[in-house]
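**Q** These are the residues of each chain, in order.
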Amino acid sequence: SAVISQKPSRDICQRGTSLTIQCQVDSQVTMMFWYRQQPGQSLTLIATANQGSEATYESGFVIDKFPISRPNLTFSTLTVSNMSPEDSSIYLCSVDGGELVGKYAKNIQYFGAGTRLSVL
Amino acid sequence: AQSVTQLGSHVSVSEGALVLLRCNYSSSVPPYLFWYVQYPNQGLQLLLKYTTGATLVKGINGFEAEFKKSETSFHLTKPSAHMSDAAEYFCAASLGGGYNKLIFGAGTRLAVHP
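Residue numbers (my numbering), protein chains in the order written: chain A, 62 to 181; chain B, 22 to 135.
Hint data in this document are derived by calculation from the structure and do not stem from the laboratory. Be aware that a few hints might be false.
Said to hold, decoys possible - Calculated cross-link-like contacts (lysine-lysine; reagent style DSSO-like; alpha-carbon spacing at most 27 Å):
(1) B:Lys79 / A:Lys164
(2) B:Lys70 / B:Lys89
(3) A:Lys167 / B:Lys89
(4) B:Lys90 / A:Lys164
(5) B:Lys90 / A:Lys167
(6) A:Lys126 / B:Lys70
(7) B:Lys79 / A:Lys126
(8) B:Lys122 / B:Lys70
(9) B:Lys79 / B:Lys90
(10) B:Lys122 / A:Lys164
(11) B:Lys90 / B:Lys70
(12) A:Lys164 / A:Lys68
(13) A:Lys167 / B:Lys70
(14) B:Lys79 / B:Lys89
(15) A:Lys126 / B:Lys90
(16) B:Lys79 / B:Lys122
(17) B:Lys122 / A:Lys68
(18) A:Lys126 / A:Lys68
(19) B:Lys122 / B:Lys90
(20) B:Lys89 / B:Lys122
(21) A:Lys68 / A:Lys167
Note that the coordinates shown come from a computational prediction; the quantities given were computed from them, not determined experimentally.
Kindly generate the complete structure, drawing on both the sequences and the hints.
**A** Next up, the structure:
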C-alpha cells in the first residue's frame, strides 16, 4: 500500500510567519504535486514538482508565496510564506510514479494524509 | 478546457440502499477518470480509475463506475450502502499521457443512515 508521509499533520501558526511542510514517499517517483483544500471545498493544484527542475505553478499561485523544493526522487517540501488567516487550509502532497519502475503507477496520483493548517 | 462536474453536493441513503454518485466531465479528448474517497481528517484514497480498455471498472470496498463516452459520464455506484461508506467522494480527470494534472469535481458528501 501507498506510504506517503506528510509532516506536520497539523499546525496552528501566527499571522506573518512561515511553515514548511514535508512530503516523504517510500519509493522513487517522477512527479510530486501539492494541492490546497480550503475548508469545505475541493482540491486545487498549487504546483507540480519534478526532481531536477523548477516547480511549475498553477494560475493564482506564485513561488514567493509557496516556494517548493524537490531535492531527490522521494522528498519534497512546500513552504507557506507570510501566512494570513486566508491560508488556513489542508495542504496535500500527491505522487505519480511516472516512468520510474517502482511502487507507484504512471498516470495515477496517490495522496498523503495532508497537513491541516490554521492561521490566527 | 477540461472540467469535472459532480451533481449533488450531498447525497443521503439508507443502509443497504443503492449508492449513486454522479460525475460528468468536459474534455476535448477522452480523459483518464478517477474516484477518490476522503474520510474525516484523512487524505484521499483512490477508489477506482479508468484509463483505457473495459469501460466498467471495479474498485475497492464494492464500488464500481462505468465510463460512458456518449454521455461524458463516470458515475460511481455501490449496490448496498454500509455505514462505513459515509465520507466525501471526489471525481477527478486528467489527460494522462504525461500530462498528469488532475482536475477535481467539487465533491459529494455521502451520508448513510440506519
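**Q** Hint by hint, note whether the structure agrees.
**A** Against the structure, the hints:
no.: 1; hint: B:Lys79 / A:Lys164; result: holds, 21 Å
no.: 2; hint: B:Lys70 / B:Lys89; result: holds, 14 Å
no.: 3; hint: A:Lys167 / B:Lys89; result: holds, 23 Å
no.: 4; hint: B:Lys90 / A:Lys164; result: violated, 30 Å
no.: 5; hint: B:Lys90 / A:Lys167; result: holds, 23 Å
no.: 6; hint: A:Lys126 / B:Lys70; result: violated, 33 Å
no.: 7; hint: B:Lys79 / A:Lys126; result: violated, 40 Å
no.: 8; hint: B:Lys122 / B:Lys70; result: holds, 15 Å
no.: 9; hint: B:Lys79 / B:Lys90; result: holds, 18 Å
no.: 10; hint: B:Lys122 / A:Lys164; result: holds, 20 Å
no.: 11; hint: B:Lys90 / B:Lys70; result: holds, 15 Å
no.: 12; hint: A:Lys164 / A:Lys68; result: holds, 21 Å
no.: 13; hint: A:Lys167 / B:Lys70; result: holds, 12 Å
no.: 14; hint: B:Lys79 / B:Lys89; result: holds, 15 Å
no.: 15; hint: A:Lys126 / B:Lys90; result: violated, 40 Å
no.: 16; hint: B:Lys79 / B:Lys122; result: holds, 23 Å
no.: 17; hint: B:Lys122 / A:Lys68; result: holds, 23 Å
no.: 18; hint: A:Lys126 / A:Lys68; result: holds, 19 Å
no.: 19; hint: B:Lys122 / B:Lys90; result: holds, 20 Å
no.: 20; hint: B:Lys89 / B:Lys122; result: holds, 22 Å
no.: 21; hint: A:Lys68 / A:Lys167; result: holds, 25 Å
Hints 4, 6, 7 and 15 from the list above are not met by this structure, while the remaining hints are.
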